[in-house]
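Participant: Letter by letter, the chains look like this.
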Amino acid sequence: MAKMVRRRFFSLGGKLLAGGIVAGTIGKYFPDTVAHAAPTVRTGKTEGKWGFVVDTYKCIGCGRCVKACKAESQVPVDQEVYRTWVERYTVDYDKNVKIESPRGGINGFPEVENRERITKSFFVPKLCNQCENAPCTKVCPVGATYTTPDGVVLVDRERCVGCSYCIQACPYGARFKHPVFKVADKCTWCYHRISKGMTTACVQACPVGARVFGEIGVPDSPVDKILSEERVNILKPEAGTMPLVDYLGLDKVVV
Amino acid sequence: MKNSDSDQKVKLTDQPLFRIGMIIAIVLVLFIGLQQWFIPKSFGKTGHYRSDNIQEWTEHELQYAAGSDACLTCHSNVKNIFLSGSHEQLNCETCHGPAVKHPNNPMDSKPSIESSREFCGSCHQTLTGRPDTVITQIDLGTHMGFANCSDCHQPHNPGFKFGGAD
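For the protein sequence lines, the chains are A and B, in the order given.
Residue 219 in the numbering used here sits at position 219 of the first sequence; the count goes up by one each step and never skips.
Residue 119 in the numbering used here sits at position 119 of the second sequence; the count goes up by one each step and never skips.
Errors might be hidden in some of the hints.
25 Å max Cα-Cα, derived DMTMM-like pairs, lysine to aspartate or glutamate [stated by the list, open to error]:
# : chain 1 : residue 1 : chain 2 : residue 2
1 : A       : LYS196    : B       : GLU56
2 : A       : LYS49     : B       : GLU59
3 : A       : LYS95     : A       : GLU113
4 : A       : LYS15     : B       : ASP14
5 : A       : LYS196    : B       : ASP151
6 : A       : LYS177    : A       : GLU100
7 : A       : LYS58     : B       : GLU118
8 : B       : LYS110    : B       : ASP139
Because the hints were derived from the structure by calculation, they are not lab data.
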C-alpha cells in the first residue's frame with residue numbers, strides 16, 4: 001500500500017517538475033510572451049524616433065562626412081570599409097548610368113572624362129537607414145544586433161560572433177566586418193553623441209547642410225520641418241524595410 | 001506487515017527510482033547553472049538583446065566637439081571675421097578636423113591648419129555633379145597660377161582679400 005502511494009507521489013512530482021521546466025524554458029526564450037517590465041534604459045530624447053534627411057540637391061561631394069565619420073567612430077582610414085559613403089551618379093546622352101564611389105568619396109571625386117556628354121549628375125550620401133523593419137536584426141543568431149527604444153539599430157560587440165549574416169541581409173550594403181574588432185559594424189547615428197544632445201559627426205562636418213538630423217514628431221526639429229513641408233523619398237521602398245533616412249531630390253536611377 | 005518488511009531491506013540510496021531522480025537532478029542543476037553562466041545579466045530585459053549594450057554605446061569616446069561656439073570662446077580674435085563671412089555656416093572642425101581634446105590640452109592636441117589649393121579645392125573646384133547654386137566654384141587649373149589660397153583669401157572670411165586682389 002505504501003509503495004503504491006510513493007509511486008503516485010513520484011509520478012505526480014515528476015510530471016509537475018517536467019511541466020515547470022518546459023514552461024520556464026519557453027518563457028525564458030520568448031520574453032515577449034511573458035509580461036516584462038518597461039524598458040529601463042532610456043537615453044536621449046524618446047518623444048519620437050530620431051530622423052535623418054539627406055539633401056541630394058546640396059551635396060557637393062567633398063567627402064568631409066566620410067572623413068569625420070571614420071575619425072569619430074574609429075574605423076581604420078586606410079581600409080575599404082565605411083559607415084557612411086558618398087556615391088556619384090552620372091547619366092549621359094545614351095542614358096548610360098554610371099555610379100562611382102572612389103574610396104567612399106573620402107578624398108572627393110575626380111573629374112569625369114567626357115564631361116560634355118553628361119546630361120545629369122549628382123551626389124548621393126549613403127548611411128545606415130536605421131530601418132523600423134530591419135532585416136539585419138532578424139537574421140542575427142545570437143541576439144547581437146537590435147533596435148533601441150529610440151529607434152537606432154546597434155551591434156553588441158561582446159555578443160557578435162562575426163558570422164556576417166546581417167551584412168548579407170542589409171539591402172543597402174550599410175554593414176561590414178570591422179577590420180580591428182572582427183565583428184559586424186555599421187553607422188550608429190553617433191549614438192554616443194545624440195544621447196548627449198549633440199548631432200552626428202557627419203552632420204557637423206558637412207559644409208553645406210546636405211545632412212540634417214533631429215527628432216521626428218517634434219515641431220521645432222529641423223528634420224520634422226523638412227518631412228512635413230518637403231517632398232521626400234526613401235531608398236528601396238520595395239524592400240519593405242521602412243527606413244528612417246529620407247532623401248530630398250532622389251532620382252529614379254539611384255539604387 | 002509483509003510490505004513494510006521488504007521496504008526496510010532495500011536502503012533508500014539503492015533504490016532505482018532514487019538513482020534516476022538524482023541523475024535528473026544533477027543534469028537539471030548543471031543545465032540551469034550553465035544557462036545562468038552563459039546568458040548575460042541584462043539579456044532579454046527589453047528584447048532579444050543585452051540591454052546594457054545601449055549604455056555602453058553612449059559611453060563611446062568623442063572626437064568631434066559639440067559645435068563652433070566652444071572654439072570661439074577662446075579664439076575670439078577669429079570670431080568677428082568668421083561670423084561676418086560666407087564661411088560662417090561651417091563648423092570649425094569641418095576644415096580643422098576633430099578637436100574635442102584640444103580645449104583640455106591646447107598645446108599637445110592641435111587641430112590641423114591647411115591652406116593648400118587641393119584642400120580648398122575639395123569643396124571649391126568645379127566638378128561634374130557639384131551644384132553651382134550651393135557653393136562658389138573655381139577651376140584650380142586656371143585660377144591664379146600656383147598661389148596658395150590663403151595668400152589672397154582670408155580663410156575665415158574668403159570674400160575678404162589680402163593685397164588688393166579682386
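Participant: All hints, please: hold or fail.
Facilitator: Here is what the structure says about each hint:
no.: 1; hint: A:LYS196 to B:GLU56; in the structure: 13 Å, holds
no.: 2; hint: A:LYS49 to B:GLU59; in the structure: 20 Å, holds
no.: 3; hint: A:LYS95 to A:GLU113; in the structure: 16 Å, holds
no.: 4; hint: A:LYS15 to B:ASP14; in the structure: 23 Å, holds
no.: 5; hint: A:LYS196 to B:ASP151; in the structure: 40 Å, violated
no.: 6; hint: A:LYS177 to A:GLU100; in the structure: 22 Å, holds
no.: 7; hint: A:LYS58 to B:GLU118; in the structure: 21 Å, holds
no.: 8; hint: B:LYS110 to B:ASP139; in the structure: 31 Å, violated
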